Amino acid sequence: MKTETDIDLIRGLRQQSARAQQQMLERYGNEVFAQVARLVPGLENAEEVYQDVFVKVFRKIEMYDAAKSSLKTWLLRIAYNESISFLRHKSMPVIYYEDREGEAERLSESEVEATFGQPNPETVQLIRAALKHLPPDERAIVTMFYYEEMSLKEIAFVTESIPTTVASKLSRTRKKLCKIIKMLQS
Amino acid sequence: MTEEKINALRQKDANLRDALRLDEMERPQMPADLNARLMQRMAAPSPSPRIRKIWPWLAAACVAAFIVVLVAPPKGAPTGEPKAMAKVEQPATVEPQPREPQAAAPSETTTPTADKAPAKSPRQLHKAVAPQPVTSQPVDAEPLLAQTPAPAETFVTVQTDNHQMTTLTERDIPITRPENYQYTAEELALMKKQANEAYLKWVELELEISKCNLEQTAQKGD
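Going down the list, the sequences are from chains W and R. Residue 1 is where the first sequence starts when you use our numbering, and the numbers rise one by one after that. Residue 1 is where the second sequence starts when you use our numbering, and the numbers rise one by one after that.
If you are wondering where the hints come from, they were derived from the structure by calculation, not from laboratory data. Treat each hint with caution, since some may be false.
Computed list of lysine to aspartate or glutamate pairs in DMTMM-like fashion (alpha-carbon distance at most 25 Å, straight line) [unchecked claim]:
no.	chain 1	residue 1	chain 2	residue 2
1	W	K68	W	E109
2	W	K68	W	E103
3	R	K12	W	E26
4	R	K12	W	E109
5	R	K12	W	E111
6	W	K56	R	D23
7	R	K12	R	D23
8	R	K12	W	D137
9	W	K72	R	E197
10	W	K169	W	D99
11	W	K153	W	E48
12	W	K132	R	E186
13	R	K5	W	E105
14	R	K5	W	E113
15	W	K72	R	E208
16	W	K132	R	E24
17	R	K5	W	E103
18	W	K182	R	D33
19	R	K12	W	E103
20	W	K169	R	D33
21	W	K169	R	D18
22	R	K5	W	D6
23	W	K68	W	E122
24	W	K90	W	E149
25	R	K12	W	D6
26	W	K153	R	E24
27	W	K132	R	D18
28	R	K12	W	E122
29	W	K169	R	D23
30	W	K169	W	D52
Some chain R residues near chain W, calculated using beta-carbon distances under 7 Å [unchecked claim]:
no.	residue
31	E4
32	Q11
33	A32
34	L34
35	E208
Treat the numbers as computed from the prediction; the structure is a model and nothing was measured. Every residue gets a Cβ at the ideal spot worked out from N, C-alpha and C, and that includes glycine.
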């Protein structure tokens with residue numbers, strides 16, 4: 001939920017106060033940059049998108065609806081959209097694994113749980129390698145869920161989707177990661 | 001998969017969480033001066049985009065289109081009739097207009113209809129109708145040269161010397177007669193002859209020009 005300071009911050013942003021803008025960058029800058037860097041390869045590209053995100057935020061702060069989401073979720077949504085738009089616009093080459101034959105879907109839930117559940121440093125390294133083979137949007141969803149610990153509703157808001165779609169995407173991505181790990185092991 | 005199950009996975013998938021945590025730790029950090037650069041960019045006056053106002057042009061185009069629609073004659077309306085009407089409207093002041101030169105040239109060969117018509121000036125007409133106070137239609141019985149049917153007659157009321165009302169028709173004015181709009185066979189023959197003569201003259205002229213050019217070329221060659 002938004003705090004008292006968030007309310008002040010939004011009021012200041014609506015008045016185009018430079019101090020409020022500075023405060024916002026200090027408060028949410030790192031999280032927004034992390035979201036952008038997760039999706040956009042290359043530091044320079046990430047910086048460019050980051051700047052575009054905040055320029056957009058400062059100019060369109062009137063569009064923020066506190067009833068729909070928190071300020072942070074709204075920022076992450078803009079960052080997500082800007083990053084995806086940047087990738088499409090620049091048509092950057094992204095190489096990732098695609099489960100065309102549905103092999104990952106055929107993996108059993110117990111098999112997947114065994115891979116991810118039992119703590120094992122070797123598996124952790126394999127998972128890290130496998131994460132690099134995921135498309136950027138799936139990697140972002142997994143990170144938002146497991147690392148940022150965002151709820152399905154929040155992730156759905158960020159990705160402009162619905163919670164059930166996010167849930168099924170997460171489930172599919174887990175299986176896909178497991179399949180990639182098996183491929184890497186073999 | 002339900003939300004509860006998914007949320008339970010978050011706790012179960014320890015390896016995945018660890019992997020993501022390590023990945024995020026290794027991710028490049030945000031440059032320290034990035035926010036300062038962004039604030040500079042925000043403070044700098046943004047180049048005002050060149051906005052072209054198109055609504056005045058749209059409005060002007062709409063007005064122009066409206067005027068065109070308003071002024072343009074309806075599709076089915078004949079073009080010759082309004083002119084005739086306009087001339088008939090002032091019979092007392094209209095002078096008998098001579099026919100166009102092309103059409104007037106072979107006037108010797110025209111039919112009695114064409115001969116009779118220009119002879120009657122409005123004044124003569126005025127005299128002619130004076131003793132007869134009743135409405136007169138003098139040319140009704142005349143044979144028409146043109147195949148096209150005559151346009152609907154327009155009646156014009158003329159006040160005579162005796163202050164008696166007389167109605168003239170459009171046919172009383174020669175220029176408005178439909179048969180006079182058409183060329184007679186003699187006129188057409190004459191025009192063809194003139195065209196042929198003009199063509200022959202043009203050919204002769206072209207030949208002379210060619211000869212001159214050849215001579216000049218020959219002189220230069222020498």
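Does K12 of chain R pair with D6 of chain W here, judged by a C-alpha cut-off of 25 Å? violated, 34 Å
Holds or violated: K72 of chain W with E197 of chain R, Cα cutoff 25 Å? violated, 94 Å
Assess, step by step, whether the Cα of K169 of chain W is no farther than 25 Å from the Cα of D23 of chain R, and give holds or violated. holds, 21 Å
Decide if the proposed pair is consistent with the structure: K72 of chain W and E208 of chain R, CA atoms, cutoff 25 Å inclusive. violated, 93 Å
Straight-line alpha-carbon gap K169 of chain W to D18 of chain R, limit 25 Å: holds, 20 Å
Chain W contact restraint for Q11 of chain R - C-beta distance below 7 Å: Hint on Q11 of chain R: violated, closest Cβ of chain W at ~10 Å, above 7 Å.
Holds or violated: K12 of chain R to E109 of chain W, with C-alpha atoms at most 25 Å apart: Holds. K12 of chain R to E109 of chain W sits at ~12 Å (cutoff 25 Å).
Hey, K68 of chain W versus E109 of chain W, does the alpha-carbon distance stay inside 25 Å? violated, 34 Å
Given the hinted pair K132 of chain W and E24 of chain R, is their alpha-carbon gap at most 25 Å? Satisfied, since the Cα-Cα distance of roughly 13 Å is no more than 25 Å.
Taking only the CA atoms, is the gap from K5 of chain R to E103 of chain W under or equal to 25 Å? With a Cα-Cα distance of about 23 Å, the restraint between K5 of chain R and E103 of chain W holds, given a limit of 25 Å.
Below or equal to 25 Å on CA atoms is what counts here, so check K56 of chain W against D23 of chain R. Cα-Cα ~28 Å, so violated.
Given the hint that K132 of chain W pairs with E186 of chain R, does the C-alpha gap stay at or below 25 Å? Roughly 97 Å between the alpha carbons, so the hint for K132 of chain W and E186 of chain R is violated.
The structure fails hints 1, 2, 3, 6, 9, 11, 12, 15, 18, 20, 22, 23, 24, 25, 30, 31, 32, 33 and 35 (numbered hints given earlier, in ascending order).
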